[in-house]
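Student: Residues per chain are reported as follows:
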Amino acid sequence: MLEYALIFWAGGSVIKIHEYQSKELLANFGVPVPKGRVASSPEEVAEICRELGGTAVVKAQVYAGGRGKAGGVKLVNSPEEGVEYARGLLGTRLVTVQTGPEGVPVQRVLVEEPAQVERELYLALTVDRSAQGPVFIASAAGGMEIEEVAETQPEAIAREGVDIAVGLQAFQARRIARGLGLDAGQQRSAARIMAAMYKLFMERDLTLIEINPLVVSKDGSLVAVDAKVSLEDDALFRNKDFSDWRDPEQETPLEVEASEYGIAYVKLDGSVGCLVNGAGLAMATMDLVRGAGATPANFLDVGGGADEAKVAKAVNIMLSDPDVESILVNIFGGILRSDIVARGIVRAYDETKSEIPLTIRLQGVQVDEARAVLDESGLQVSFAETLLDVEARLAESLG
Amino acid sequence: MSILVDENTRVLVQGITGREGSFHATRCMEYGTNVVAGVTPGRGGSVFNDSVPVFDSVEEAANETGATVSLLFVPAPFAQDAMIEAADAGIGLIVCIAEGVPVLDSARVLRYLEGRGSRLLGPNCPGLISPTGKCKVGIMPGHIHQAGRVGVVSRSGTLTYEAVSQLSALGLGQSTCVGIGGDPLIGTNFVDVLELFNEDPDTDAVVMIGEIGGSMEQEAAQFIKENFAKPVVSFIAGATAPPGKRMGHAGAIITGSDATAEAKNEALRDAGAHVVPSPGLIGAVMKEALS
Chain U
1 MLEYALIFWA GGSVIKIHEY QSKELLANFG VPVPKGRVAS SPEEVAEICR ELGGTAVVKA
61 QVYAGGRGKA GGVKLVNSPE EGVEYARGLL GTRLVTVQTG PEGVPVQRVL VEEPAQVERE
121 LYLALTVDRS AQGPVFIASA AGGMEIEEVA ETQPEAIARE GVDIAVGLQA FQARRIARGL
181 GLDAGQQRSA ARIMAAMYKL FMERDLTLIE INPLVVSKDG SLVAVDAKVS LEDDALFRNK
241 DFSDWRDPEQ ETPLEVEASE YGIAYVKLDG SVGCLVNGAG LAMATMDLVR GAGATPANFL
301 DVGGGADEAK VAKAVNIMLS DPDVESILVN IFGGILRSDI VARGIVRAYD ETKSEIPLTI
361 RLQGVQVDEA RAVLDESGLQ VSFAETLLDV EARLAESLG
Chain C
1 MSILVDENTR VLVQGITGRE GSFHATRCME YGTNVVAGVT PGRGGSVFND SVPVFDSVEE
61 AANETGATVS LLFVPAPFAQ DAMIEAADAG IGLIVCIAEG VPVLDSARVL RYLEGRGSRL
121 LGPNCPGLIS PTGKCKVGIM PGHIHQAGRV GVVSRSGTLT YEAVSQLSAL GLGQSTCVGI
181 GGDPLIGTNF VDVLELFNED PDTDAVVMIG EIGGSMEQEA AQFIKENFAK PVVSFIAGAT
241 APPGKRMGHA GAIITGSDAT AEAKNEALRD AGAHVVPSPG LIGAVMKEAL S
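As given, the protein sequences belong to chains U and C, one line each in that order. Residue 316 in the numbering used here sits at position 316 of the first sequence, and the numbers go up by one each step. Residue 139 in the numbering used here sits at position 139 of the second sequence, and the numbers go up by one each step.
Honestly, the hints are just simulated from the structure, not real lab data. Be aware that one or more of the hints could be misleading.
Claimed, not checked - Which chain U residues face chain C? A few, computed with CB under 7 Å, are given here:
| # | residue |
| --- | --- |
| 1 | Q132 |
| 2 | G133 |
| 3 | I164 |
| 4 | A165 |
| 5 | A235 |
| 6 | D287 |
Where a beta carbon is used, it is the ideal one built from N, C-alpha and C, also for glycine.
Put together the whole structure using the sequences plus the hints.
Tutor: The structure is reproduced here in structure tokens:
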């Protein structure tokens, strides 16, 4: 729920990358990660297993979490076992608690040396709203979902805010390390890891580095056994190489298409397609749809500066969603002219010859022109004046 | 009377010669805003719309014209520099419209503003408007507003226009409408604006529009409970955003379960606010609260 909520507030969106890419970034900045490599064929898996001495952990590279329980992670004891496992995994779709029933494609696996686990810790760096800057989050209860730890033993989570004007100070890193119950040598290693994380975070405009678990090995060394890094979409202009890191295969196809056109779109499981301008009004429109007893098929914010082509694209995206049974347009035009919205809608319906029923509520400038465009088009449109009208129309259509 | 701006406010526009800047500066002037200067580095010495002098720097513009408020139409990649330039020049109220300012840039700006006399509104906000004071410093459509005694504060743009048009349709005019912005890090929060409305003798009641994420609405609820004497009508957008996609964001853990609309509504109800169940009823509930 909470994680879902974050789709909306950030204004821009977060770009996810794979575990192997996250680890590559971390390693480049000096965070120790397990020995290993990414592979996209069973033969490569065998080769890496041999390099690692036979035994290895093979991990499906997918954006969705919960892959361990879904059979996407395995300890193999020989190259042959590695090949067999990789054959059954590569090219298939993995269904986890975080994916839909359709799952996500597995095209790569990460093959790594198994960790010799003494203890599992949690260490993350993100930007906190209330602290208005970067904050480290640490817990001795690593290896489990941090949300779960927050729920059951919130006192086990420590936070350390960093003053962005001066950066992470050594005493802060020591404080976090002491709180994790590490010995003197391990504290030094942990402090080095935190310094590296902070440097990476600031230099590459990250929104999240999450190392879980950060393993204390039997020999006392620390290693980032699983890691997740998120990049900030809004900072791509100064991290141009990141655009190539994206794996669109892992994302919902309609969401990828929408993002290419600068449309904020999130696929939901209902049947009323919603075309709205502004994130707040888009959320409120979803609330309204639910309030009327119907279910929204999507969150869609077409933005303030949309033109006819962008509106048409947005309508096209909704029309190509097989779950959409009707479309609701709710536009409060300040800058966005109503007649442009109308033309975009008509264009999309013309192109697709769709007969999906439309409810339209347009407020703002050029509303009369918009009505004329829609009347001329011959589309079957139910017009609503106010949000209460919209609610009533939705309730009506449900019978 | 109104809060933050009125007919005497001297406004400068950073990025006035750009496409958006010139469009919106013109709309603001049509509304009655006293736009006294524009700033575009390299375009100093020119005149905008035959009446507004353009300067190369905010410092020069402020010194020459006495501007105290800056409206920024600077693209997101350059917004950090523009905001800090305005603060450096001693501008009292900086309004940043840009969407997509990198969050670490915002963090640096907010840190820079600490201890200085400048207030930042936004980023990613529609700005503010005082229908009573005939002053619009933002991108909202001026014509939907009406002078009156209801204050509006919101994290959203178009949803605020929606609320304002409901109020106006019922004859409930507005004293000042403030869009605080939809970004996770913003310069002015609900409590800051509520404090100002509390002290404004010409504001009788407040519409507060929040949304899911963060805990700013709970802080507002706490303030309302302890200090706010006027009726508050609140709506939180996103109540039906279902669970599903994991964003893998540790930020959620910090604010905990406060991020949901349910938790925010609960806190506001407990503080005595009139929590609106449907976004279509914001005006109607305010009318009832005032009667």
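Student: Take the hints in turn and mark each one as holding or not.
Tutor: Going through the hints against the structure:
1. The closest approach between the C-beta of Q132/U and any C-beta of chain C is roughly 5 Å, which is under the 7 Å cut-off, so the hint is satisfied.
2. Hint status for G133/U relative to chain C: holds, with the closest Cβ pair at about 5 Å, below 7 Å.
3. With a cut of 7 Å, the hint placing I164/U at the interface with chain C holds, because the nearest CB-to-CB distance is about 5 Å.
4. The beta carbon of A165/U comes within 5 Å of a beta carbon in chain C, closer than 7 Å, and the hint placing it at the interface holds.
5. For A235/U, the interface hint holds, since its Cβ comes within 7 Å of a Cβ in chain C; the closest pair sits about 4 Å apart.
6. At about 5 Å, the closest approach between the beta carbon of D287/U and any beta carbon in chain C falls short of 7 Å, and the interface hint on this residue holds.
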